[in-house]
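Chains as they are written, first to last, in my numbering: chain A, 1 to 264; chain B, 1 to 228.
Calculated from the structure, these hints are not laboratory results.
It is possible that some hints are incorrect.
Straight-line distance between alpha carbons at most 20 Å, and here's what the computed EDC-like set of lysine to aspartate or glutamate pairs gives [said to hold, decoys possible]:
| no. | chain 1 | residue 1 | chain 2 | residue 2 |
| --- | --- | --- | --- | --- |
| 1 | A | Lys130 | A | Asp102 |
| 2 | A | Lys198 | A | Asp242 |
| 3 | A | Lys79 | A | Asp137 |
| 4 | B | Lys173 | B | Glu118 |
| 5 | B | Lys89 | A | Glu146 |
| 6 | B | Lys210 | B | Glu221 |
| 7 | B | Lys210 | B | Asp184 |
| 8 | A | Lys12 | A | Glu108 |
| 9 | B | Lys89 | A | Asp242 |
| 10 | A | Lys130 | B | Asp184 |
| 11 | A | Lys130 | B | Glu35 |
| 12 | A | Lys224 | A | Glu205 |
| 13 | A | Lys236 | A | Asp137 |
| 14 | A | Lys12 | A | Glu205 |
| 15 | A | Lys130 | B | Asp72 |
| 16 | A | Lys130 | A | Glu66 |
| 17 | B | Lys89 | A | Glu109 |
| 18 | A | Lys165 | B | Glu221 |
| 19 | B | Lys89 | B | Glu118 |
| 20 | A | Lys130 | A | Glu108 |
| 21 | A | Lys224 | A | Glu207 |
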Amino acid sequence: MGAQVVTITSGKGGVGKTTAVANLGVALAADGARVVCIDGDIGLRNLDIVMGLENRIVYDVVDVIEGRCRLRQAMIRDKRLPELFLIPAAQTRDKTAVTPSDMVRLCEELRGEVDWVLIDSPAGIERGFKNSIAAADRVLVVTNPEISAVRDADRVIGILEAEEKGTPSLIINRLNTTMVRQHDMLSAEDVLDLLAIKLIGVVPEDEGVIVGTNRGNPVALDPKSRAGQAFRNIAKRLSGQDVPLMDLDSNSSLWTRLTNLGRK
Amino acid sequence: MSDSQTLVQIKGIRDGLLVSLGNATWEELRAALMEQIETRQAFFYGARVAIDVGSQIFHVNDLSELRDALSDRGVNLWAVVSESPTTEKTAQLLGLATRVSKPRPQELVSLPAEEVGEGDAIWIGRTLRSGTRVEFPGNIVVLGDVNPGAEVVADGSILIWGRTRGSVHAGAKGNQSAVVYGLDLSAGQIRIADEGKSLSDQDGETGPAKISLQDGVLHIEVWQVNQS
Chain A
1 MGAQVVTITS
11 GKGGVGKTTA
21 VANLGVALAA
31 DGARVVCIDG
41 DIGLRNLDIV
51 MGLENRIVYD
61 VVDVIEGRCR
71 LRQAMIRDKR
81 LPELFLIPAA
91 QTRDKTAVTP
101 SDMVRLCEEL
111 RGEVDWVLID
121 SPAGIERGFK
131 NSIAAADRVL
141 VVTNPEISAV
151 RDADRVIGIL
161 EAEEKGTPSL
171 IINRLNTTMV
181 RQHDMLSAED
191 VLDLLAIKLI
201 GVVPEDEGVI
211 VGTNRGNPVA
221 LDPKSRAGQA
231 FRNIAKRLSG
241 QDVPLMDLDS
251 NSSLWTRLTN
261 LGRK
Chain B
1 MSDSQTLVQI
11 KGIRDGLLVS
21 LGNATWEELR
31 AALMEQIETR
41 QAFFYGARVA
51 IDVGSQIFHV
61 NDLSELRDAL
71 SDRGVNLWAV
81 VSESPTTEKT
91 AQLLGLATRV
101 SKPRPQELVS
111 LPAEEVGEGD
121 AIWIGRTLRS
131 GTRVEFPGNI
141 VVLGDVNPGA
151 EVVADGSILI
161 WGRTRGSVHA
171 GAKGNQSAVV
181 YGLDLSAGQI
191 RIADEGKSLS
201 DQDGETGPAK
211 ISLQDGVLHI
221 EVWQVNQS
């Protein structure tokens, strides 16, 4: 056996890769799995802040690769969940400090130690992205219901298919059902129509995510948060459970839902 | 130059490029390979490469260094074929394939223009995603969509059995009798020879259509089944 290595990527920046990694890590670990999150964004590290672990960093991923510390020393244990770890990125280096082979070796070492390795890919399709997908068994592509984000997701899916990483699964993040209803935002169906890959979850727009990000408290820890629930569901689907998609439209009236049906 | 070409032989296979190494030390072979790549950058950029290393023995460090060096030059090493079990094991450890015969998703073949006849076409049996470019000196048939940001360029005609939302250029070398057929061309950018047309602003005409060049102007008509 061994861990599954899952890379979260998107092409475009700012769509919620880091948020997704932090929340999926929290959700998987809360279910009792051993999880390591790796920040692949060397030079622009963020995952430590979103997970609330920034002031615990001593060693980072480049230190491990260049042999300045043991793997164990760079694994920061989460303050809430004892089975959740973070390997932070180096802030003073850049993407060329790591090669795809380094990532493969690092993940091979982690496979025996944990159940899940989640890699937070940087935006873009260059070296950092290549590093992040080198070791992946599975890739999740995050997009927003925005044409520019969807275009970049399409490009990334094409590259993943060409590199034979298999067809990735899709997370649609920050869907605003009110705007979709007013036809001001792409719907999940519109996004899927273009990308034509398997959907693993839709996360509703939620101000709580921003608050959680700033405080280092991923929303998946909050049992009342709808976005948190969406991330917990994605974590369950990752582990192979069959969880139906949330009804994001629950506060719309019966009539609008009927007209939406009629429109199809 | 002739030296590096005898040490390193490159041929196109279904899965990309196959590089066969001759008889020399690894230092010489590596230098010859890099020289080939440096001198023909455009040819190698983005290529998927398999290397046949013969009986050379590679350890993890050599092979991962080679993969990184190639990756820095935009070359994707996916397989290492070898007679040495040590090298095979090393390749497998790095997640590289050790056989090139197994079926792979199709890659774009580019044949030299002189070998392609007027009736020849290339068959693309999948959706073309953003950033993909298909270029062929004959005709092109796409079974799937052409997404925004994808490009299809043919010297002859193009048929898109799917939705066209990217850019399609028929008769790219100036052939004015080239045509574009599509199940839904309404959101694509269509060019024939030197005339371009963006259809995305137009309403209607979402059904199967044919676009041809008539008196230097692009002309769109409904593609009728019973038309002879």
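Cross-check of the supplied hints:
1. Straight-line distance between C-alpha atoms of Lys130 (chain A) and Asp102 (chain A) comes to about 11 Å, which keeps the hinted pair within the 20 Å bound.
2. Restraint check for Lys198 (chain A) and Asp242 (chain A): the C-alpha separation of about 14 Å stays at or below 20 Å, so the hint holds.
3. Only pairs whose Cα atoms come within 20 Å are accepted, and Lys79 (chain A) paired with Asp137 (chain A) is rejected, the gap being roughly 28 Å.
4. Only pairs whose Cα atoms come within 20 Å are accepted, and Lys173 (chain B) paired with Glu118 (chain B) is accepted, the gap being roughly 13 Å.
5. This hinted pair does not check out: Lys89 (chain B) and Glu146 (chain A) have alpha carbons roughly 45 Å apart, beyond 20 Å.
6. In summary, the hint linking Lys210 (chain B) to Glu221 (chain B) is supported, as the alpha carbons are separated by about 5 Å, within the 20 Å threshold.
7. Distance check on the hinted pair: Lys210 (chain B) and Asp184 (chain B) sit about 10 Å apart at the alpha-carbon level, within 20 Å; holds.
8. The straight-line distance between the Cα atoms of Lys12 (chain A) and Glu108 (chain A) is roughly 28 Å, outside the 20 Å bound, and the hint therefore fails.
9. Restraint check for Lys89 (chain B) and Asp242 (chain A): the C-alpha separation of about 38 Å exceeds 20 Å, so the hint is violated.
10. About 35 Å separates the Cα atoms of Lys130 (chain A) and Asp184 (chain B), which puts this hinted pair outside 20 Å; it is violated.
11. Distance check on the hinted pair: Lys130 (chain A) and Glu35 (chain B) sit about 24 Å apart at the alpha-carbon level, beyond 20 Å; violated.
12. A threshold of 20 Å between alpha carbons decides the hint, and for Lys224 (chain A) with Glu205 (chain A) the separation of about 14 Å falls inside it, so the pair holds.
13. Of the pairs offered as hints, the one joining Lys236 (chain A) and Asp137 (chain A) holds, with about 17 Å between alpha carbons and a cut-off of 20 Å not exceeded.
14. Pair hint Lys12 (chain A) plus Glu205 (chain A) holds up; C-alpha atoms about 18 Å apart against a cutoff of 20 Å.
15. Taken as a hint, the Lys130 (chain A) and Asp72 (chain B) pair is honoured in the structure, with Cα atoms around 11 Å apart against an allowance of 20 Å.
16. For the hint linking Lys130 (chain A) to Glu66 (chain A), the alpha-carbon distance of about 19 Å falls within 20 Å, and the restraint holds.
17. Between the alpha carbons of Lys89 (chain B) and Glu109 (chain A) the distance comes to roughly 18 Å, so the proposed pair stays at or under 20 Å and holds.
18. Proposed proximity of Lys165 (chain A) and Glu221 (chain B) is contradicted: the alpha carbons are some 41 Å apart, above 20 Å.
19. At most 20 Å may separate the alpha-carbon atoms for a hinted pair to count; Lys89 (chain B) and Glu118 (chain B) exceed this at roughly 47 Å.
20. Only pairs whose Cα atoms come within 20 Å are accepted, and Lys130 (chain A) paired with Glu108 (chain A) is accepted, the gap being roughly 17 Å.
21. In summary, the hint linking Lys224 (chain A) to Glu207 (chain A) is supported, as the alpha carbons are separated by about 13 Å, within the 20 Å threshold.
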